[in-house]
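Number of protein chains: 2
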Amino acid sequence: MRLSRYFLPVLKENPSEAQIVSHRLMLRAGMIKQSSAGIYSWLPLGFKVLKKIESIVHDEQIRAGHIPMLMATMQPADLWRESGRYDDYGQEMLRIKDRHDRDMLFGPTNEEMITDIFRAHVSSYKDLPLTMYQVQWKFRDEIRPRFGVMRGREFYMKDGYNFDLSKEDALHAYNRHLVSYLRTYERMGLQAIPMRADGGPIGGDYTHEFLVLAETGESEVFYDSAVTDLTFGDRDIDYDSVEQCQAVLEEFTSRYARTDETHDEVVFQEQVPEERRRFARGIEVGQIFYFGTKYSESMGATVQGPDGKPVPVHMGSHGIGVSRLLGAIIEASHDDKGIIWPEGVTPFHCGIVNLKQGDDEADAACNQLYAALSAAGLDPLYDDRNERAGGKFATMDLIGLPWRITVGPRGLKNGVVELTSRRTGESEELSPEEAVKKVVAIYEKHRTGRGF
Amino acid sequence: MRLSRYFLPVLKENPSEAQIVSHRLMLRAGMIKQSSAGIYSWLPLGFKVLKKIESIVHDEQIRAGHIPMLMATMQPADLWRESGRYDDYGQEMLRIKDRHDRDMLFGPTNEEMITDIFRAHVSSYKDLPLTMYQVQWKFRDEIRPRFGVMRGREFYMKDGYNFDLSKEDALHAYNRHLVSYLRTYERMGLQAIPMRADGGPIGGDYTHEFLVLAETGESEVFYDSAVTDLTFGDRDIDYDSVEQCQAVLEEFTSRYARTDETHDEVVFQEQVPEERRRFARGIEVGQIFYFGTKYSESMGATVQGPDGKPVPVHMGSHGIGVSRLLGAIIEASHDDKGIIWPEGVTPFHCGIVNLKQGDDEADAACNQLYAALSAAGLDPLYDDRNERAGGKFATMDLIGLPWRITVGPRGLKNGVVELTSRRTGESEELSPEEAVKKVVAIYEKHRTGRGF
Chain V
1414 MRLSRYFLPV LKENPSEAQI VSHRLMLRAG MIKQSSAGIY SWLPLGFKVL KKIESIVHDE
1474 QIRAGHIPML MATMQPADLW RESGRYDDYG QEMLRIKDRH DRDMLFGPTN EEMITDIFRA
1534 HVSSYKDLPL TMYQVQWKFR DEIRPRFGVM RGREFYMKDG YNFDLSKEDA LHAYNRHLVS
1594 YLRTYERMGL QAIPMRADGG PIGGDYTHEF LVLAETGESE VFYDSAVTDL TFGDRDIDYD
1654 SVEQCQAVLE EFTSRYARTD ETHDEVVFQE QVPEERRRFA RGIEVGQIFY FGTKYSESMG
1714 ATVQGPDGKP VPVHMGSHGI GVSRLLGAII EASHDDKGII WPEGVTPFHC GIVNLKQGDD
1774 EADAACNQLY AALSAAGLDP LYDDRNERAG GKFATMDLIG LPWRITVGPR GLKNGVVELT
1834 SRRTGESEEL SPEEAVKKVV AIYEKHRTGR GF
Chain H
1414 MRLSRYFLPV LKENPSEAQI VSHRLMLRAG MIKQSSAGIY SWLPLGFKVL KKIESIVHDE
1474 QIRAGHIPML MATMQPADLW RESGRYDDYG QEMLRIKDRH DRDMLFGPTN EEMITDIFRA
1534 HVSSYKDLPL TMYQVQWKFR DEIRPRFGVM RGREFYMKDG YNFDLSKEDA LHAYNRHLVS
1594 YLRTYERMGL QAIPMRADGG PIGGDYTHEF LVLAETGESE VFYDSAVTDL TFGDRDIDYD
1654 SVEQCQAVLE EFTSRYARTD ETHDEVVFQE QVPEERRRFA RGIEVGQIFY FGTKYSESMG
1714 ATVQGPDGKP VPVHMGSHGI GVSRLLGAII EASHDDKGII WPEGVTPFHC GIVNLKQGDD
1774 EADAACNQLY AALSAAGLDP LYDDRNERAG GKFATMDLIG LPWRITVGPR GLKNGVVELT
1834 SRRTGESEEL SPEEAVKKVV AIYEKHRTGR GF
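Chains V and H are the protein sequences, given in the same order.
Here the working numbering is used: the first residue of the first sequence is 1414, the next is one more, and so on.
Here the working numbering is used: the first residue of the second sequence is 1414, the next is one more, and so on.
Derived from the structure by calculation, the hints contain no laboratory data.
Please note that the accuracy of each hint is not assured.
No copy is singled out in the list; a pair is fine if it fits within one copy or between any two copies.
[As the list claims (entries may be wrong)] Simulated crosslink set (SDA-like; lysine to any residue; CA at most 25 Å straight-line):
no. : residue 1 : residue 2
1   : Lys1858   : Ala1785
2   : Lys1425   : Val1535
3   : Lys1826   : Pro1845
4   : Lys1539   : Ser1711
5   : Lys1851   : Arg1668
Construct the entire structure; sequences and hints are all you get.
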């Protein structure tokens, strides 16, 4: 993209309404615009990152064998009356009457809806196991929305649901989700630690939250520092293997790591040597649940078992906060100049800054770099505006592209351009061909499908 | 995908609630499930096609230089009061009160919202031209939703908005949209004819609807049969060229083609020789508008012109009915056995039918075909269930994959499998390698990014 043809309304001033750094930087970088309290438009740069994150989520869900589908945002209240949650849910549920005066709601989650689909179409244990998921807009009418997309009212979320014949099978689905979530967050450049959590209104004895450590996190967390040494890495996991998934669960959850809701100071002190005890804050970016037959029994979702008798299915649900993740990534990765995107989710792969727009040689060199990066399947952002170099650098730093190539007449006389890492600030002089080659090599392992 | 691991709840019986063939076939093929009147869940097969269509729309919008972004579904009523449309819109607007008793609505379209974004961020003519678009869920509370996704209440739509300094520039944007829409529909295997239309509640003197001819269409259309001979084909259009876009507009709209709203029998008879006069029905799958300064004036969206004086921008809006297109494509492409997907939007590229599941040789051949097609970047559906051949063929015909490879012990003895075209029903015997090669070649020009 050439910046002169893009819509990137960066702000020079810090917006007063933003209390935390991710909210401030998303507004300043022209990623979002509030349309009403807790509701945002995703401007082009924000939309690109949202789609990158969604794309990684889909990739990893499909890799785990989960089947994508999509449910409507508007749900009939009657379904929620069946499960008993219509009255329980309280004021966070946005309730609506349509023109025929029927009670509807903007779905905050989809256990009832997916159970209804299941019971309508599945009748035999032979069709199990089954896990379906969606990435869809949801609404929770927070009394005090704040922190930008971190605690918005309309938010984008992946929610998945497993249906299994037995508790044992459902716990394999639970473990499979844990593994896929670890992979998902790591591809986004995040460390998200699974912590023992509380079931809340969804219910369930087995549940883990995934938390990203950040000073601005809303949750207090207590953990053994050894958990932060764990990485999933490039392991090749067979998602059908009960043993392999169980082993990952044990590796990542056997050490103490809990939110304040489940924290037990006695157990903490017993299990964790003093020098490894940590207290910090964290941002919740996902949660997995096994809740057994809670919905299948109340809504009559049974299958015929191998012995011909009806069995209520064992279920779980599993969520990733897709829009919230933009905030979490920025909280975990920024400096005083702006955002620092991890390569896996960056809106553009590489910035190109022309120090002397209008200079024939500099323009030609930038055009060649742009063409070469594009031809290699990358998505560069070329700042081709007639602006001073300082302003161009400030914009690139603010929007946080991990790599920048700077082109000027002086360097070109020596046959070089400058390749700069946003994270370290380090630069090296390279021929344009070498610079392209290096950027292409960096992104070899971060291909995530189409760009927007 | 192996069918034994997928969720494809096909129905044997014709559902009684469906009045038209596309609705019937989408229900029977397990693509959608109604959750309340005019609101549908997109089951996995339906979701795949929806995403294929969306992907083509994005591709062609980006090719035309339009910038993707995303606006929330929930809009504040106050914006619509500014334009005067809050009271005008009537009962099709779904009106909502949030917990603080503020008036909200589920957006049926986004002229107000995008104009608000524009006026907040753009102040100079130097930032024009600008066209942004989104693909987002919308809601129109139809009094009698019917025909499945063709006239649903919650629907998926691409809506784009151009901002230009002058009427002349805005008409170029209009023409550019017309060109991009022609390309878009052709990639989906559809002929959609631009017809002179009526502005309706959006307003505007310049407007064309795109209609797909189909017996079940809701619109009556009158046209010169010569318009159906036009195809866009592989032309390489420079979207920045006023002349090239104008020429396409003239080629495709100079002959008589109107809906009943703008039909003029006298002009029809004058302009069109009797043997070329056609009366038919059509499905509207898109519409483009130029409406000048209607919203920019009422909402104060002005830029500083070259002479320093404020100028209200010239705007247009442009829509493609993404979810509706599934219905339109099926109405235009089916037979009494089921759907016939055009290659550009098919949910899976090729079916594989194993005539003798459990036979070592047949299983191995199917696995090899599956692996070879997948390795070539295609997305096959392998019916690996223990079902009779007749049932497998019926399912493949119903769900409409354009190509099917049939594998059985008898053919394998002679080293061949059978490749069948869904459209013509013709089969040929080929070695498995040749069959793969042929299918891969067919899809060379239909690559549309990631599958789901």
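Classify it for me, Lys1826 with Pro1845: is the Cα-Cα distance of at most 25 Å met within a copy, between copies, both or neither?
within (12 Å within a copy, 58 Å between copies)
Treating 25 Å as the Cα threshold, decide for Lys1851 and Arg1668: within, between, both or neither.
neither (39 Å within a copy, 54 Å between copies)
Using 25 Å as the alpha carbon limit, work out where Lys1425 and Val1535 are close: within a copy, between copies, both or neither.
Between copies only: 15 Å across, 56 Å inside.
Cα distance capped at 25 Å. Does Lys1539 pair with Ser1711 within a copy, between copies, both, or neither?
within (22 Å within a copy, 61 Å between copies)
Are the CA atoms of Lys1858 and Ala1785 at most 25 Å apart within a copy, between copies, both, or neither?
Intra 19 Å, inter 24 Å, cutoff 25 Å: intra and inter.
The structure fails to meet hint 5 from the earlier list, while all remaining hints are met.
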